[in-house]
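*Asks:* So the sequence lines, in the order shown, correspond to chains A and B. So the first sequence is numbered by UniProt numbering: it starts at 1 and just counts up by one. So the second sequence is numbered by UniProt numbering: it starts at 1 and just counts up by one.
Note that these hints are calculated values from the structure, not bench results. Glycine residues also receive a C-beta, built at the ideal position from the N, C-alpha and C atoms. Hints may contain errors.
[To be verified] Which bits of chain A does chain B cover? Going by a derived footprint, with three or more residues having C-beta under 8 Å, they are:
(1) 23-31
(2) 60-70
(3) 158-166
[To be verified] Here are the in silico distance ranges between beta carbons for each label pair:
(4) B:V131 - A:D68: 32 to 38 Å
(5) B:S3 - A:D104: 38 to 44 Å
(6) B:A123 - A:P38: 36 to 42 Å
2 protein chains.
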Amino acid sequence: MTSDTETILTTLAARGETLAVAESLTGGLLAAAFVEVPGASRVFRGGIVAYATALKATLLGVPAPLLDAHGPVDPSVAAALAAGARERCGSDWAAATTGVAGPDPQAGQPVGRVYVAVVGPPAAHGEPERVEVREFTLEGDRPAIRRGAVRAAVDLLAETLAVTLTP
Amino acid sequence: MTSDTETILTTLAARGETLAVAESLTGGLLAAAFVEVPGASRVFRGGIVAYATALKATLLGVPAPLLDAHGPVDPSVAAALAAGARERCGSDWAAATTGVAGPDPQAGQPVGRVYVAVVGPPAAHGEPERVEVREFTLEGDRPAIRRGAVRAAVDLLAETLAVTLTP
Numbered sequence: 001m002t003s004d005t006e007t008i009l010t011t012l013a014a015r016g017e018t019l020a021v022a023e024s025l026t027g028g029l030l031a032a033a034f035v036e037v038p039g040a041s042r043v044f045r046g047g048i049v050a051y052a053t054a055l056k057a058t059l060l061g062v063p064a065p066l067l068d069a070h071g072p073v074d075p076s077v078a079a080a081l082a083a084g085a086r087e088r089c090g091s092d093w094a095a096a097t098t099g100v101a102g103p104d105p106q107a108g109q110p111v112g113r114v115y116v117a118v119v120g121p122p123a124a125h126g127e128p129e130r131v132e133v134r135e136f137t138l139e140g141d142r143p144a145i146r147r148g149a150v151r152a153a154v155d156l157l158a159e160t161l162a163v164t165l166t167p
Numbered sequence: 001m002t003s004d005t006e007t008i009l010t011t012l013a014a015r016g017e018t019l020a021v022a023e024s025l026t027g028g029l030l031a032a033a034f035v036e037v038p039g040a041s042r043v044f045r046g047g048i049v050a051y052a053t054a055l056k057a058t059l060l061g062v063p064a065p066l067l068d069a070h071g072p073v074d075p076s077v078a079a080a081l082a083a084g085a086r087e088r089c090g091s092d093w094a095a096a097t098t099g100v101a102g103p104d105p106q107a108g109q110p111v112g113r114v115y116v117a118v119v120g121p122p123a124a125h126g127e128p129e130r131v132e133v134r135e136f137t138l139e140g141d142r143p144a145i146r147r148g149a150v151r152a153a154v155d156l157l158a159e160t161l162a163v164t165l166t167p
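Only chain A is shown next, with the shape it has when bound in the complex (with noise of 0.2 Å):
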């Protein structure tokens, strides 16, 4: 995994692009992934872990509607996490992580399901600004799920910057 983060901040980097995340599930994990490249202060800014599900709108600024309406592992609000660290953070890139570790259900979502999303500026001048949104069904334990999560927010970023992370 560090050379995956480390492709993708070498990357960025050579891009004058800067990196932030927004994390529920993942709770830190997709953060650290970064932050354990060493010199990873040049791209990666800082991550929001909205845990507690009102965190969500007062740190990252989902709109509350949104929450209650659809609750909080829902794609839309993986594409308001990862706008919302975008725009706190001030950076050119975002990743959000969403879902239910499990050991129980939450809010009508099984254990296992999972959203991740990028955020960034548009591929070209005049289009609109880049949204990718991925819905995944992880199997396995909490850590693995968590790990699972981790893993789809940074081949999502990898794909979504046309970045060839080795096997």
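Model the placement of chain B on the given structure of chain A, informed by the hints.
*Replies:* Okay, now just chain B, sitting in the frame of chain A:
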């Protein structure tokens, strides 16, 4: 580590109190050490990884003059980070880390210099709010220093809460 953070969360749950964190060099690892405990959501509200110095002011309300005068690796900044997490996350308790993980010294502080802080409600009526700050000089490489800072924050929190951790 999981059993220690679980003990702390169980103690706080029994007291009806909540927890948040603010992190710099640990970059999400402290939050992750709590979120990995099943049922953490009863107690753990969230965390803010203010990795870029400017975010310590904007996301956590650390006074900019304090950052300008002392740099980000400073005992007063550690206390202000914890106080900011407590206020912004609406928790009873907060723990914070700041320090130099390396590979290079930062803002006049050597690699391995770490400050951890814990803030919380008064121990008794009429007493001031609790503010505990501790300085460490940790040995080892970047991962070891980051792990040591998480350990130090968990230990200071346990000590402040008068929780006995299993050795």
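*Asks:* Return the numbers of the hints above that this structure violates; sort them in rising order.
*Replies:* 2, 3 and 5
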